[in-house]
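Here the protein sequences come in this chain order: A and B.
Under our numbering, the first residue of the first sequence carries the number 1, and numbering increases by one thereafter.
Under our numbering, the first residue of the second sequence carries the number 1, and numbering increases by one thereafter.
Think of the hints as simulated: they come from the structure by calculation, not from any bench.
Some clues are possibly wrong.
To be clear about the criterion: a stretch of chain B counts as covered by chain A if any three or more of its residues have a C-beta under 8 Å from a C-beta of chain A, and this derived list gives those stretches [claimed, not checked]:
hint: 1; stretch: 26 to 39
hint: 2; stretch: 58 to 72
hint: 3; stretch: 87 to 94
hint: 4; stretch: 107 to 115
hint: 5; stretch: 198 to 212
hint: 6; stretch: 218 to 231
Sample of chain A residues facing chain B (criterion: CB under 10 Å; computed from the structure) [said to hold, decoys possible]:
hint: 7; residue: PRO46
hint: 8; residue: ALA110
hint: 9; residue: ASN173
Think of the CB as a built atom: it goes at the ideal place given N, C-alpha and C, for glycine as much as any other residue.
2 protein chains.
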Amino acid sequence: MITLTSNDHGGGLDAAANQYGGDRAEWIDLSTGINPLPYPTGEISPQAWTALPDNNARAALINAARRFWNVPASAAVLATPGASAPIAMIPRLAAAGQVHIAAPTYNEHASAFIANGWQPANPPKQAQAQVVVHPNNPDGRLFSASDLHAPLRIIDESFCDVAPDASLIAQSNTKGTLILKSFGKFWGLAGLRLGFVIGDPEHVAALEQMLGPWPVAGPALEIGTRALCDPDWATQTRSRLARDAARLDTLAQQGGATLVGGTTLFRLFEVDDAAQWQDRLARHHIWSRVFPYNPKWLRLGLPAPDAWHRIEAALA
Amino acid sequence: MITLTSNDHGGGLDAAANQYGGDRAEWIDLSTGINPLPYPTGEISPQAWTALPDNNARAALINAARRFWNVPASAAVLATPGASAPIAMIPRLAAAGQVHIAAPTYNEHASAFIANGWQPANPPKQAQAQVVVHPNNPDGRLFSASDLHAPLRIIDESFCDVAPDASLIAQSNTKGTLILKSFGKFWGLAGLRLGFVIGDPEHVAALEQMLGPWPVAGPALEIGTRALCDPDWATQTRSRLARDAARLDTLAQQGGATLVGGTTLFRLFEVDDAAQWQDRLARHHIWSRVFPYNPKWLRLGLPAPDAWHRIEAALA
Chain A
1 MITLTSNDHG GGLDAAANQY GGDRAEWIDL STGINPLPYP TGEISPQAWT ALPDNNARAA
61 LINAARRFWN VPASAAVLAT PGASAPIAMI PRLAAAGQVH IAAPTYNEHA SAFIANGWQP
121 ANPPKQAQAQ VVVHPNNPDG RLFSASDLHA PLRIIDESFC DVAPDASLIA QSNTKGTLIL
181 KSFGKFWGLA GLRLGFVIGD PEHVAALEQM LGPWPVAGPA LEIGTRALCD PDWATQTRSR
241 LARDAARLDT LAQQGGATLV GGTTLFRLFE VDDAAQWQDR LARHHIWSRV FPYNPKWLRL
301 GLPAPDAWHR IEAALA
Chain B
1 MITLTSNDHG GGLDAAANQY GGDRAEWIDL STGINPLPYP TGEISPQAWT ALPDNNARAA
61 LINAARRFWN VPASAAVLAT PGASAPIAMI PRLAAAGQVH IAAPTYNEHA SAFIANGWQP
121 ANPPKQAQAQ VVVHPNNPDG RLFSASDLHA PLRIIDESFC DVAPDASLIA QSNTKGTLIL
181 KSFGKFWGLA GLRLGFVIGD PEHVAALEQM LGPWPVAGPA LEIGTRALCD PDWATQTRSR
241 LARDAARLDT LAQQGGATLV GGTTLFRLFE VDDAAQWQDR LARHHIWSRV FPYNPKWLRL
301 GLPAPDAWHR IEAALA
């Protein structure tokens, strides 16, 4: 049995390697939804490491983000050290009340609201805050503007860059709305710790103050700016992820799994016994994601190009 | 007139270059207390950028920090995205009351407390929270354990690694005490965004929750661990900084300045008219620090080895 610290985040590859053996580096980690072919970090200027990140570098990143996501002019944009930091802070933007979180979903939202004194609510129309993960993790469910009712509305688009047409970015100029973006998934740079909060200027200003000055590292400003100014990479990556997701579906279905949903960064399957599937894959040193609330759900991220033969062997 | 955004942070080199001309890269920035010969960032593993920072990498950094700073076993240690993030969050660790901040000092402490509803207090014995910057910025003043009275005590040791014998780290196992460390000054890696909070386990756990999971980037974990396991670099750097500080003192004194104090990362001088000195240096494309509350104080950081001739020419 793998014990994870605090929340069930997936990941936990260290623990898996400890239990099943093998060097961590030799494991294939499909337990996340991180693009296995990341945006190339490229050259980093020496002053990105040594100087306090300056206003010009920050402005360049924010401008690139506005263009890449077609942010409405009246919405504010704040770069953050990953999406996790604003997720932890957002519950303090309003007095604690009832929050509706479209479940099941990524569990940090509920943790953060509960830690700040909020109560989970159902149905959404009675809540003072509402969270949708769009598309949802793990099932890929999409939402629309008409699903959003609460005065404080969080739209977590950490996985939406594979499907830009589905983005609810046009809602970011609606009062009380905050949209989250992440560099950890589509760009494959989870260790970079770069995310964005886009929306209601008053809330964004409050989050900026909670984070303190210089929240984002110099290298993240540089790499993020380059990536957001590179729409060709984004287009090619979307095509590749779509092809690879279809290939993974075929393999899993041949092995007896049924596709439930997902995005092209992760696929959610229904199987007879997810724990057994996880164990079988782990014996091949492939780490997968199971869910404490549904013993039949197995989530698989996409492998790197050189890892397909091992996925095929494990699922055969 | 240079206009700085929000707080007067020093820095503002972009604005200076805009006013006085010259390419930003060609300016010598003495407005900060950042070591101009940073710890070498070295090779960064690809997974530091791509994977969520794992528990093993975080544990390695924390263990290195414990050894480097001789942290008492009962004190907790948390790595943070710079020292600014915990400075912004610390005022929420207790109900807003009166805070005593030994002044004049780094202004983010007062800003954060005031933004969270605290009132500045004098004298310290009546305050519910107390902040000392140790050694103090800009004058280098040192404090002792007997100066600390309030239930919540913050010791900001961002500049203390040049004088490890002066550290109050032994106080970090005292209830209500938090000691801050920074990688931006002594190690010269301000863009890395790496800092530490060391002290009362209950407060440290609360800050950890406010920050959310994975607050520190993968490259910062790797570089920070290497640097904290390299005491030889630290020893050599302290010697070099001491020599260079003495050299800067001599030059400034020959130019008519009087040494007030400082650390070997920055020197505080009294001059007839600090704004005039700043202007004179800026015409040589050297940026310095003046203080709105004292028109005679000029603070200079240390130049890189290849910049001395320009400092000499400007001060001659």
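These are the hints, each one checked on the structure:
no.: 1; hint: 26 to 39; verdict: holds (count 4)
no.: 2; hint: 58 to 72; verdict: violated (count 0)
no.: 3; hint: 87 to 94; verdict: holds (count 3)
no.: 4; hint: 107 to 115; verdict: holds (count 3)
no.: 5; hint: 198 to 212; verdict: holds (count 4)
no.: 6; hint: 218 to 231; verdict: holds (count 3)
no.: 7; hint: PRO46; verdict: holds, 8 Å
no.: 8; hint: ALA110; verdict: violated, 13 Å
no.: 9; hint: ASN173; verdict: violated, 24 Å
Against the hints set out earlier in the document, violations occur for numbers 2, 8, 9.
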